[in-house]
Amino acid sequence: MKRSDGRILTTHVGSLPRPDDLLALYRDNAPETELQPRLRSAIAEVIRRQAQSGIDIVNDGEFSKAMRRSTDFGAWWSYVYDRLSGYEVRPGLAGQGRAAWTAGSKERKEFATFYADDGGMGSAGAAGSSSARMFGLTCTGPIKYTGHAIVAHDIETLKSALGGVRVEEAFVTAVSPATMQILANEYYKSPQDYTWALADAIREEYKAIVDAGFVLQIDDPALVDIWDWWFSLKGDVAGYRKWAEFQVEAVNHALQGIPEDRVRFHICWGSWHGPHSGDVPLKDVVDLLIKVKAQGYSVEAGNVRHEHEWKVWRDTKLPDGKLLMPGVVSHATNLIEHPELVADRIIRLAQVVGRENVVASTDCGLGGRVHPELAWAKLAVLGEGARLATKELWR
Amino acid sequence: MKRSTDRITTTHAGSLPRPSDLIALNRARAAGEKRDDGAYAECLSSAVAGVVAKQLSLGIDVPDDGEFGKPMAANYDYGVWWNYAFARMDGFVRAESVPESQHKKSSVADLALTSVRNRRDWQKFSEFYQDPESSGTLVGSAPRRATRRPVCTKPIRYVGHAAIEADIANMKKAMAAVGVEEGFICSVAPGSFARGENLYYKTEEEFVFASAEAMHDEYKAIVDAGLVLQLDDPSLPDNWDMIDPEPPLDEFKKFERVRIEALNHALRGLPEDRIRFHICWGSWHGPHTTDIPLQDIVDLVLTVNAGAYSVEAGNVRHEHEWRVWKEAKLPDGKLLIPGVVSHATNLVEHPQVVADRIVRFAEVVGRENVIAGTDCGLGGRIHPQVAWAKLAALADGARLATRELWR
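Heads up: the sequence lines are chains A and B, in that order. Quick note on numbering: the working numbering labels position 213 of the first sequence as 213, and the sequence is numbered without any gaps. Quick note on numbering: the working numbering labels position 257 of the second sequence as 257, and the sequence is numbered without any gaps.
Just chain B, same shape as in the assembly (with noise of 0.2 Å):
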């Protein structure tokens, strides 16, 4: 993976806004209309291309698809980046009706995830959370309807073959027509992804295994491809606010350590510096005062074998993070992409608070070793006018960083 060598470089978590056109035929397509296979392939492809082009414009320097290939279907989305998963994989059927929202009480003894709605930040905040205006600061937000999820009737397989090589074409095509040499593709962590209903397997600790056996083949081709992975991992840290009540922190750090195991085993065999993980506290534009402190989790983050880890730290709620890197060692050979633009806000992040992220950062773990990005998505969180504003806010933001790092 390329590193700051002589100045600070710039890269993003993902999700970027979908043209109308794409969003237009994935609904289309979810609702099981005219499906012309060709049609939408070339639509993707160029719609791919575009948004590469689009992010070396703005001053990116490590692109991606902008997950263009994980169908969203609306304008506002927070979900894409890990039930894309699901049409790639053998084992799950759509639930016959929507299920209740069940409250899962947890015991120290038998860690259990309770559902959204139960999540303890939503038990504060009810009355916000309940509020159909809720968004409140935000332009648009993604309809809180509840659907008919996908359940595990039997083992998982993973079948998406077609779907990942079409993403990884797609993506070298678009870097090949602007001369780009690094770019990445995400693909859902399997803590993240094994957080979907179980029937088959008798216990969840089987499920995410399966999980991290099957998303292996996902894993294995985008590296194969040339292309950097990233893993999206939301999970590792949100769990926590999904443990009803809150477990002792060894208890949690068990259950997460099962799922980076997991994880790990996902990656045998694949280099460590063609990898970064993602962790995220989970962008919905609510309170978050039960996010898990960085601290309390860095050591699991960096036992995942990856090069990079790119971690939330540009909101209200983690901004003082930066701090846990004085302790926590980052080690030798590694990078940090830390969150310098979020999509927490519709105000664009000005090019100098940018620039004092970064150099904050870049004094503590060594400016080689930052790389400049986004807290989280950007695609489906936030109005597509200000997404873009942001990706430049970020690239400005860098160059300012640079010249301070650099002088």
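Bound-form chain A, shown alone (with noise of 0.2 Å):
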């Protein structure tokens, strides 16, 4: 994996705006000699765009992760709806929508009207959207994973929009074993065997990624989210560490046989736009974290409940080897972070873990979460902090 030799690079979390008429096709389901010319030029487009913004480790923009809506913030996931075998709808679960997995939440408890009146997710969580798609998914039966021809075929049409663009390195995200928990389980006996036969299934796709020549990056939010939404309300901090800890050697599991170095891993606290007030804090899992066999961790740091955050790297040292991507502008506010700003929080990162240990990023993928204009304005300030910040570190 590249690391930020002489200048700080840039790269982000994943999921860019989809193009008007991609989004259409999508939810229309239209025949694939109709979506697939469209997704190959936007997708090749989408990798110009990002070179331009000053991106130098870009991808397919999470193009070929189905997404029906302007706003939608589960694309990244529910796309392994198509790629597994082993569930069921179950209508009566899919009703109560994601109150069935936030049940435990001590925020959702606090902030009931605000939840109530919106919950943070603007109309992400209408129907429609890939969420929604997402509610009921049971598992029934062996999980299997399915996709080995769609993800060769995502692979393909990213390798040929490559062609002709100048980056440092491109990368493919893929889903954690600790995510797709989440869904219910009827089949397998314990939530540890559920987890196990995920991370066998998932294994695949990740292989697949890896052996194209392209970075895999693992979408893990449930590492951390999950302690707001089942351990909260009843405190259980052993309960989530035990949970989380499993978590890691599932993932671990997935990953062997996979160089580390072609691997980054992602966490966030859950892309909503909520209080996150119940958030568990950095400190508290990182040491889990570096667990993870991947060389890069992708972390949010730029918004107003991450941000202090930098300053647990002091206490925790980042192992020898490894990358941190900081996130440094973010999906939390539609104002435009000043490129002072990124190269503020760039540089103080840089201090603690060394300059060329840091590349630059995201909060979280910004398709979907913010308005297109503003998801590339920020991208654009990221490659211009990026800029300033080299400036002053290389001096």
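Watch out, some of these pointers could steer you wrong.
To be verified - Covered stretches of chain A (chain B as the covering partner; in silico rule of three or more C-beta atoms under 8 Å from a C-beta of chain B):
1. 19-25
2. 305-317
3. 334-348
4. 361-373
Hints listed in this document are in silico derivations from the structure and should not be mistaken for laboratory results. Even for Gly, the Cβ is constructed at its ideal location relative to N, Cα and C.
Could you use the hints to bring the two separately framed chains together as a complex?
Rendered as structure tokens:
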């Protein structure tokens, strides 16, 4: 994986704004003959645009992961819907929506009227959203990865789109076992068996991505946001730690045989626009995070709930050879970060973990979470802020 | 004004979430429905008592009346802080129709404010601003409806004496009930008020000075009552974005200097140490890429005859500007009230983020000269539950900062 040798490199967490016509094709379940040509051209465009915005390590904007609405927070994981066998939809559970997953949340109790009025999702939780597609999904049989052809196609499309564009490296995102085990399970005897089966299945996708020469990014918000969803109301710290330790084992199981230096691991505390007052502090899980067999760790650090946590890295040493990819611009506000603020955030971390070990990134995917015009403006200031930081750090 | 002599004290920028019964009454009154003035006065008075007590219970040291006397008729509304004053003025009539959104262009010799919809940030991000879901990252947003704006058609005169006396009485009663010594009331600055349409005065300067003359009565009433006066003047920074094309800085400063002269004229005879001056770059939830840097106007800000300056510093567009105070020396005896929590995001600031922000300012201007504040009013701009949580985080952060700064 490229590191910031000589200058601060930039990347982002994955999701970028889809063009309206691509959203429409997905929404209308257009035939492959109509979808594929547009998907291909849209991916070529989004790669060029990332390069123009000063992003060094690019991806396909997650365009190959179906998003059907302009505001949508869930496509990063709902894509597995089409790539795993063993699931059925339970209409009763689907009717409960997100409530079925978040019943143990202290924040949702404390901010009940906020969540009842809107929930920080805007229209992203509405019918037709990617999240809504996952509500009710229940494991009722043996899980198998069936997405080989799809991921091969994603890889091929990305490879051809990268031709002739000057970037440092490209990555492909894939979901973590911890995230998938949020879906209800009726088949496996224990949550552990269930998670282990998911890890075995998703390994196939991880392997395909890395074998194709791309950097694999594993998206694992669940590792930190499940504290709030399942454990916070009871204040069950020990239960959460035990759960999280197992999830790290599971993802490492899925990564067996995959070279660490081709893997980056993303955590965030969930991208919905809520108070996030119950987020588990990074310092309470950082010891587990660095056990994940990935070279790069992508961590939210560009919003008011987690910005102070750069200090965590003064006490917890980033292991030698690893990279930190802090969020220095965020989906959490419409205001566009000032480039000097972006530079300040980068420099602070560079001074703690070493400038060559920092790749500047976003808190979470920007696509579907902020207006497209804002998303692109934020990527541009990320590039600008990285240049300012480089000037300061290599003078 | 109280300073942070032995700990970091806290305040906020003014507007707080109104209770739903008060909003309902405001809505009915705005629609011209049943006007039981006695019931309204009672509802307002008890709401103010409630909000002062609530601020204290959340750890706010210098409270206000939440701007409850400025009638907000909807849950989300960003404009009451200035348009309340029309009801307190003689000289305005409501326009016959909704005005066309005029795109006034400026020349170097003649700077003019264009309409909101033609702000430079709006032009740069026109798709975002025209998208009905553009509040995007925030819960709730003020409806973007065009209204029939008041137009100045004859000499301006302040006629709001009863209204401000009622505000003062409600505030003093509420303060006495909880035993707090210092409280403030907000009032609009002439430069921010006189952005309405003027058909009477020959020049915009005359319009601004006439507004200043009129507002003097409200300023004096607040100070004479022993309350701290907060002047709200976002126009000082945000006029920059309303001038198209971007003007030369010195011309802009000339334009603003007139407005500050008018303000200082309105403040004549009032003791500086009872006055705080609030600027922000406009509280709408937009990209704000065309905000003028604080560095470019800080010298102007410091010419306002106030004892304290309240400045946005808790959002991603202005957070880095704490450094401005390394160069621009805060004059001796004055106070800085930086925004350390903000309406700009639904996420509730972590108390440690709040403390880090306070400590940075304290190290530059001196701990005793910093009062922790908010970027802008929280009421009407963010969900009420989030607003209260942010005030609590502000107080928690101030306690952490105190521990660090007085150890």
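Checked hints:
1. Judged by the Cβ-Cβ criterion of 8 Å, the stretch 19-25 of chain A is not covered by chain B as claimed, because only 0 of its residues qualify and three are needed.
2. Counting residues of the stretch 305-317 of chain A whose CB lies closer than 8 Å to any CB of chain B gives 4, so the stated coverage by that chain holds, three being the minimum.
3. Coverage of the stretch 334-348 of chain A by chain B holds in this model, with 8 residues showing a Cβ closer than 8 Å to a Cβ of that chain against a need of three.
4. Given as covered by chain B, the stretch 361-373 of chain A passes the check, having 5 residues with a CB less than 8 Å from a CB of that chain where 3 are the minimum.
This entry does not satisfy hint 1, going by the numbered hints stated previously; all others are met.
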